[in-house]
Each structure stands twice: as structure tokens, then as C-alpha cells.
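J.: All chains should be built: construct the whole structure from the sequences, respecting the hints.
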Amino acid sequence: MSDSLQRETAALLATCPKGLEELLADELRALGAEVDRSTVAGVHFRADLATAYRACLWSRLANRIVLCLLREEGIEHPEALHRAVAGVDWSAHLRPGATLAVDFHGRSEQIRHTRFGAQTVKDGVVDALQAQGRPRPDVDLQRPDLRLYAHLHRGRLTLGVDLSGESLHRRGYRRDVGHAPLKENLAAALLIRAGWPQRLRDGQALVDPLCGAGTLLIEAALMAADMAPNLNRVRFGFHGWAQHDEALWAELRREAEARASIGRKRCRSRLCGFDQSPPALAAAKANAMRAGIPALIDFQGASLGQLQRPSELGDEVRGLVITNPPYGERLGELPELVTLYRELGEGIRQAFPGWRLAVFTANPDLGHRIGLRADKQYSLKNGPLEAKLLLMDVPDAADVAQDAGAGSASGAATPRRSEGAQMFANRLEKNRKRLKKWLKQSGESCYRLYDADMPEYALAVDVYDGRVHVQEYAAPRSVNAAQAQKRLFDALQVIPEVLGVDPGQVVIKRREKQSGKDQYRKQASTGERFQVHEGRARLWVNLRDYLDTGLFLDHRPVRRMLGEMAAGKRFLNLFCYTAAATVQAALGTQEAGGATDSVSVDLSNTYLEWARDNFALNGLDPARHRVVRDDCLRWLETARAEFDLIFLDPPTFSNSKKMEGTLDVQRDHVRLVSLAMARLAAGGTLVFSNNQRRFQLDPGLAERFTVAEISARTFDPDFTRRPDIHHVFLIRHREGA
345 MSDSLQRETA
355 ALLATCPKGL
365 EELLADELRA
375 LGAEVDRSTV
385 AGVHFRADLA
395 TAYRACLWSR
405 LANRIVLCLL
415 REEGIEHPEA
425 LHRAVAGVDW
435 SAHLRPGATL
445 AVDFHGRSEQ
455 IRHTRFGAQT
465 VKDGVVDALQ
475 AQGRPRPDVD
485 LQRPDLRLYA
495 HLHRGRLTLG
505 VDLSGESLHR
515 RGYRRDVGHA
525 PLKENLAAAL
535 LIRAGWPQRL
545 RDGQALVDPL
555 CGAGTLLIEA
565 ALMAADMAPN
575 LNRVRFGFHG
585 WAQHDEALWA
595 ELRREAEARA
605 SIGRKRCRSR
615 LCGFDQSPPA
625 LAAAKANAMR
635 AGIPALIDFQ
645 GASLGQLQRP
655 SELGDEVRGL
665 VITNPPYGER
675 LGELPELVTL
685 YRELGEGIRQ
695 AFPGWRLAVF
705 TANPDLGHRI
715 GLRADKQYSL
725 KNGPLEAKLL
735 LMDVPDAADV
745 AQDAGAGSAS
755 GAATPRRSEG
765 AQMFANRLEK
775 NRKRLKKWLK
785 QSGESCYRLY
795 DADMPEYALA
805 VDVYDGRVHV
815 QEYAAPRSVN
825 AAQAQKRLFD
835 ALQVIPEVLG
845 VDPGQVVIKR
855 REKQSGKDQY
865 RKQASTGERF
875 QVHEGRARLW
885 VNLRDYLDTG
895 LFLDHRPVRR
905 MLGEMAAGKR
915 FLNLFCYTAA
925 ATVQAALGTQ
935 EAGGATDSVS
945 VDLSNTYLEW
955 ARDNFALNGL
965 DPARHRVVRD
975 DCLRWLETAR
985 AEFDLIFLDP
995 PTFSNSKKME
1005 GTLDVQRDHV
1015 RLVSLAMARL
1025 AAGGTLVFSN
1035 NQRRFQLDPG
1045 LAERFTVAEI
1055 SARTFDPDFT
1065 RRPDIHHVFL
1075 IRHREGA
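Throughout, my numbering is defined as the position within the sequence shown, counted from one, plus 344.
None of these hints come from the bench; they were simulated from the model. Computed from a predicted model, the values in this text were never measured in an experiment. There is no bait here: all hints are sound.
With a straight-line cut-off of 20 Å between C-alpha atoms, the simulated SDA-like cross-links for lysine to any residue are: (1) Lys720 <-> Asp740; (2) Lys720 <-> Pro739; (3) Lys629 <-> Asp642; (4) Lys466 <-> Arg451; (5) Lys629 <-> Arg608; (6) Lys720 <-> Glu730; (7) Lys527 <-> Asn576; (8) Lys780 <-> Glu841.
Computed spacing ranges between beta-carbons, pair by pair: (9) Asp846 <-> Lys784: 22 to 32 Å; (10) Thr996 <-> Gln875: 27 to 37 Å; (11) Gly1027 <-> Ala825: 51 to 61 Å.
Glycine included, each C-beta is placed from N, C-alpha and C at the ideal position.
T.: Below you can see the structure in the form of C-alpha cells.
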């Protein structure tokens, strides 16, 4: 390496997010660099010092610009790494008294941790300096004078001075990032892939209908104003480098400032951003102010449903609509997002006919809900997520009208509902009509509307007082995953439309074969619960945080029956869950009253607290209606009290670590029933229920007790399709026994 980069070129490395290497290589060539090749480390190029500085200042895509001091093969062991590092003349790069930091990337058989690799590099630098009689440099991980970059891959070491310092994607304007921020260099890459630089030359406009903190718009404005993306940065890594040429840097910076001053005045393109979140818009405006281009962007508060072409953009103006909508990383976010993507497509077609649309999403299946066909797509990484930039043409106004009249015969847009989605909607409407009379007579507000009536749409749809809980049954391996996803999205589009609810009131979960403890596993932590009515009872439900909601709807008739049977009796509820059955038994009927006292037993603290809240909601005396945390089997073996009415509703299977062994209702029900019957008073009734679809009651129990299966009597009209969903038995002591 030459000591005078002003006259000769040196080897450099530019790192960038995965997938941007090709774009970065083109950008470096445009800045005057000679590109050699791209590797897993980044883009290797040759340049003089002025071009290296220019890359730090002007690169919209790079993370780091590294001056390579060493490239060496065969580095597998720490000793080889230390020896290679110590062979560099560090006195030429590190001033006396300067601080140091090392960023180490990669690994080998013997160097398995980046911290150990960084420590080894640092030791090599220190030993080399001390061998020259130089003082030992201090380490400063936050703001070092000199930051070193080391990359080790398959025994190949690349080592150099990080000229950029802090990652170049941090332009300095984005202190208010909003939700799920897009990195600045990735935003710039999306704009380049979407053809924004070419559209700039034609004076076209740019709109982001979901702008959030404004990163896409700000990066687009910086391009429009010919502003260096890092012009506002105060310090780069080269400022602490021993060979830094301040005069050369000052000249390049003055040139960039002059270009920005002219560019802001000459900018002809209009840039508009919309968002319905006031905090997001405030953040976007503040970010644009810090970036130095506040006058170039018009931010407006509007939802997708309110999206309109800005009045200053005439009908003849064309441009680019580009946006980075939410992806739905969690299943529970999908109901709102299916609607959002559909509304995005509808709004763009109406407001921006003839424009180009670019959508960046980590869920391409959601992207298809836009209803426009992507003619190009690029795979990119957004942090750890695999994402795609979808590029599509928005049809002209005449084509939109033709598609609306011809059912999208041109193929440019999809119908509002697919054939399957319309069939699903028809079934929901049919079920609503079938249940309408019963719901009016019963007054029930929590019910099952749909339960995999159509095999293609394997869902359970439950209504909880105007809110909707959707459970997707896991598809067998024989079903194409993409087709299953499409059908799910069809359903999530249709449900809010048919039921007339906001998509935000629809919750989706995936129902898979589970172990007993999965019932208690949290799905979320919203704490979002609300009250519902069932008969005389008021009950808390939570649709989001757990697999189940706190209220098993299929057992509604059983709870009603318990309320009718409980007057003046001592009631025991085993595996009580949230104790909805206890509430019904304690309240009883208006004519006869309810249970005199009760005990509710479960192993889960979470659900017992829920039970206490249900008791309080209904004004039940905790001294008379107690909850007990225990393994129900163990409790039955040690209990001495007798009860007149017992409800035994065990899980199908449980292997909770809090209990001894496992529980299988088919295998263990004889023992469970026998223990419960030992606590049943003479003349009392045990109501034994379970949800094992293929359950068979042991014949020996009918020989010892009076047993009557009443399953057929325990289904309200909303559950008549699945007569095997639960089994219910009334068990009593034989007379004279």
C-alpha cells in the first residue's frame, strides 16, 4: 500500500446489506472507483484518497468503506491471526495516544466468537506498537479515534481501517424512527431499484401512502436535491486516522455543499407522504428538517381510505408510488393487514392511474392482495427478514373502469373476491341466517358461526359480543402451503366485510395438535380483555393473549345445566380453567338461586386469577366460593369434603411440568371418575365431560355407578355440526351402595 493515496490507488472494501452488492458496485464506479469483485465481505475496489472520501460522503448504499491493509489466506488459528496483524506497520495509521476499537466478523474452527477474534486482532496491534517502542493504545468501544475492520471467511482474512466510523446508513437525520424503521441505505436501494433516479430526470413525482417516519421520502428528496447523504455527518472514521488529509476532505465537502445548495433550488419533483398516525407524521417532519430538505416534502395526515392525488399534481403528472407497509410477522396481525393491502391496491388504482407502484414486503402473499400483477420483483434482506420489492404498473383510468365493468378480464387486477372467497362469504351468510332466530330468542352474544364447514377453508370462526376469534386448523402436509395461505387471506378479507366489523376486531390464531401445557402458553401480552354475557353471568374473555379465550363456547349448554342443578348445593369444579362453570353454578337460576358454596381447583395461577376476577365481576363471596391451586388428582386423593354436584372436565392430554407424570383422559378417566365419586355425597351428581373426539367410557364404570350419556342434549344450534366435539355423562351412586 502506498503511503500517499493522493497520488496512487489503494485496495478498499465497501460493505452493504446482503443483496445490494451489484447496485453498490455501480455506485462506486460512478464515483470514480475501479471495482475488482464482490465477495461475502462486500465490494472490493481500488481508489485514491479523494475517491475513498467521496465514497464515504456520497454512497447511498454502503455501510462501511474500509481501507484494506492486509489480505491473507490460511488464517485458521488465533496464533496465525495474531501474527498477521502484528506484521502491519500500525504506527503509520494510529497516532500516539489515539484510542482503538476492533469490529470482527466471521469465524474459523479455532476462532469461534467475534469477541475473541476482536481481542486477538487488538493484541496483535498492541504488540506491534510496543515492539516499536510506542505506548499501548487504549480501547474505546463507543467513540474510538481509529476503528479497525476484520473479516475472516474460510481462512481468508481482510483487515483494514474503517474510514466511515459509524455505519454510513446512519445519516444523522433520523432520531425519531417510528415503528419498524427502514434503514436509510436500504430505502435508497429500493428507490434505485424502483427507477426513481430516472424518473427524477423527467421531473416526475413520488408518493408514499404509508410514510411512517418518512425514510423513503427523505432519501428520495436527497437524491432529488443532489445532496450527499452524509453531508450532515460531523465525524467520520478517517478523522482519527494518522494519514487523514483535512485539506482534501474540506475541499470535497465544500463541493458537496455547493451541489446541495443548487440542487435544492432546482428540484422540480414533488414528493408527498401520507400517514394516519400524528406521531409518525411529527417524526417524519422532524427527520426531514434535520436532513435539510423540509421544503421538498409535503406530509399529510390521511388513511388509505382517504387517499387522494394531491391537488397540485395534475392529471397529466406521472410518477412513482413507493411504500413499505407492515409485514405481519405475527399471525395475529394478519386480519388488519389483509384489509390494509387490499385498501392500498384500491386506493392506488383510484388516485394514481398510470403511475408505477413499488411495494416492499417480507410477506409477498400479502402483496398479492393489492390486486395488481408485479412485472418485476427483487429479493432483498430487511434485517433478518427475507423480503421482496414488488414493482407493478397501475392501470390507466380507462383500464380501471374497463376492469370494473368486465371483472378484470385484462388480468391487470384481481376481482374483489375470488370464487373461493365468495363461496366462503356465502356460507357465513347462510350460517348467520340459520342462527338468527336462536340468537334472538336466547340472547347469546358469544357463539360459533363457522367450523370448517368447507374443507378448503379449515377455520373456526367465533363471535364474542361483536368481536371475532378465528382459529386456523393446521393444514395436512398434502395441502399446498401457498394455497392454504391464499385461502386464509381470502377468509380474513371476507370476515370483516360479511360481519360488519373492523378488521382490528378480528383475531387469528393457528390451532395445532398441542400438549397439555400449550393451553397455558402465552401467545401475546396485550392484557386486552373485555366482558361478555352468558345467561345471568358476566365473564372476562381475552381473545389475543392465549390459545383459548377463557370461555369454551361448546360447553355453554353444560354450564347452563349446572346452573339449573346447583340450587342449594355444594359445588366442586375440577380442572376449573377460568371457572365460568362455577360462576353459573353459583348464580343458578333466578327462581331457585345457586350453589351455597363452591371449590374450584386448577394448577394454573394465571387461570385461577382469571377465575377470581370472574367471581368479583359477578359479586360472588370469596369466602364461600374458593379457588385452590393444586394438581386435581393429588387434591382428590387428600380431600375429605363432600359435594352434592361435581363438574369434572379434564384436558384431553396434559404434561404440565407442575404436575406429577402425564394425564391422558382416555387412559386415566377411570381413576379420575373414581376419585371424584369418592367426594360425591349420596344423591349427588357428577357431570363428567371431555373433548377427546374418540372417547370411550370404560364399561366398568357403568357396573359400579349409574351412568347416563347426555352428549346429544348438550349442543346448542351453533355446534350441531360437530357432535363429537365433546362427551358428557351424568354419573351417580347406585341406590343402596
